[in-house]
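J.: Residue-level listing of the chains:
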Amino acid sequence: MDYNLLRECTDKIKLSDEMKKEIAVACAEKTISTATENRKLYRLKKAALTLTVACVFILVTLPVMAVSSGGFMDLLYRYFPEIAQNFTPVQLSCEDNGIKMEVVSICIQDNKAQFFIAVTDLQGGRIDSTVDLFDSYDINTRYDTTAHCQKVSYDEKTCTATFMIEIVADNAKKLHKEYISFSVKQLLTGKNTFEDKIDINTANITHNPPTVLKEKRGWSSTDERLLKELKEQDKAEMLMTQAETVWPVDGVTITAADYKEGVGCTDENLHIQVLYDNIRQTDNHGYVYLKHPQTGNIIMPQASISAFAEDGVSSYEEYIFLDIQPQHVPEYEVYGWFITCDTLITGNWTVNFRAEK
Amino acid sequence: MEKDSYVNLIAQYGDMLYRIAIVILKNQMDAQDAVQSTFIKYIEKSPRLASRQHLKRWLAKVCTNICIDMLRQRKRQADLHIEDIGAIYCLEESSGIFDALIKVEEKFRIVLTLHYIEGYSVDEIAKIINRTPSAVKMRLKKGRRLLKEIYEREMC
Chain A
1 MDYNLLRECT DKIKLSDEMK KEIAVACAEK TISTATENRK LYRLKKAALT LTVACVFILV
61 TLPVMAVSSG GFMDLLYRYF PEIAQNFTPV QLSCEDNGIK MEVVSICIQD NKAQFFIAVT
121 DLQGGRIDST VDLFDSYDIN TRYDTTAHCQ KVSYDEKTCT ATFMIEIVAD NAKKLHKEYI
181 SFSVKQLLTG KNTFEDKIDI NTANITHNPP TVLKEKRGWS STDERLLKEL KEQDKAEMLM
241 TQAETVWPVD GVTITAADYK EGVGCTDENL HIQVLYDNIR QTDNHGYVYL KHPQTGNIIM
301 PQASISAFAE DGVSSYEEYI FLDIQPQHVP EYEVYGWFIT CDTLITGNWT VNFRAEK
Chain B
1 MEKDSYVNLI AQYGDMLYRI AIVILKNQMD AQDAVQSTFI KYIEKSPRLA SRQHLKRWLA
61 KVCTNICIDM LRQRKRQADL HIEDIGAIYC LEESSGIFDA LIKVEEKFRI VLTLHYIEGY
121 SVDEIAKIIN RTPSAVKMRL KKGRRLLKEI YEREMC
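Residue numbers (my numbering), protein chains in the order written: chain A, 1 to 357; chain B, 1 to 156.
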């Protein structure tokens, strides 16, 4: 009896869009009520809750509608007028590198401010729905603040992405009438997700590979003892790039796959090394895993070590599989899950505005 | 691991959790409630998880436990008829085996679902349902036998 038929016949069982929307709204309510409880900002609860629900509603249900600069506010007025009324128009913008950044409107409540930013590609064709600010935004006020950024919509027709920025000033300092300087330096767009089998023959993996000592850039492990061991070492013996490499997707190269001793135990374990190109400008990342072709059993790596490549901008990530003996590896196939990005747009976008109710 | 927004989590793991819930609960509304409660629990607990795989396993574990609790204190009496599940999700091909699966006793149905539909290993299932790997192996073995018996009986 082929039990794998179970997977095939249940592939079509999926949450409907309506169900996803309902769950997203319930999560939004929970997020805000938890945050509000924590901060004891009871007065803000209702307005903040409704705003987040509105953003989720617009994000989940109206992604294809026109939401150009100001268009997001139009939608907010159309569907949630009582929330939109809390926002004061700002409409100050700047341009650089053919990209316009506009601070559309702001809502202030004591030490908390929420404002919408519309980023428009005036030349067209450079940004898409995956665009984000790549953590390159900066907010300056007289007070220390914590900030959170969330994309709320993207309009293909006008190449405009709208983001909601929320800032909370420390020590309950009121933000009304304060000057805020908001700047962005980078936009990352053109992201692609890859998940598929990788062309590595697990029956031909070699033992005792050549290694090279590299200064670690980072490490992780699900095993606490191993994590401690990795933490104590400044450098790690990593696999050397093999003559034959595999490119599952642009920007990602499988540079080596070998059985190697060390890291966590004296036995040999499978190590698979991946090179992510130019991570400072692409944020390329992901992981590899093993999957049994018949049973569908998945084995994840238990540790990884990363080190910068010779060019100083690309990164080697070596994944270590401790949960499988070498004799069982040929029963499995290697899969990869990678996020790559092909466009980084840089510029200097700064808008100074006054936070007014 | 960087925290994902719940909108991303719902997009990435919602279907996986819904499949687990619908096979255990056999009821669309209860299954949706179970998935929603799972994400709400994630927001409440805000667990620190080392990797995406840990996150996936954590969500599957919470969802499975919520489904088991719901079975114990079932509010909605009427299950969906098996034919209804098939019709709603157009499970014409190979649905005989699915029909048989949802007739298997609950504790065996859970391990069969986690292993054959969601691809979890025996060790991972042991962590999800808080049992030893050998207990999971036994349940898988017996579950396969029960599934085969029901399937063959239905096909006759």
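Worth flagging that the hints you see were computed from the coordinates, not collected in a lab. It should be emphasised that the depicted structure is a prediction, and the values quoted were computed from it without experimental measurement. Quick reminder that beta carbons are idealized off the backbone N, C-alpha and C, glycines included. Check before you lean on any hint, since a few could be wrong.
Which stretches of chain A does chain B cover? Using the computed rule of at least three CB atoms under 8 Å from a CB of chain B, they are [stated by the list, open to error]:
{"id": "1", "region": "5-11"}
{"id": "2", "region": "14-21"}
{"id": "3", "region": "341-354"}
J.: For the region 5-11 of chain A, do at least 3 residues have a Cβ located nearer than 8 Å to some Cβ of chain B?
T.: holds (count 6)
J.: Taking beta carbons only, do three or more residues of the region 341-354 of chain A come closer than 8 Å to chain B?
T.: Coverage by chain B is violated here, the residue count being 0 at a Cβ distance below 8 Å.
J.: In terms of beta carbon proximity below 8 Å, does the region 14-21 of chain A have 3 or more residues touching chain B?
T.: holds (count 4)
Taken one by one, the earlier hints fail for this structure only at number 3.
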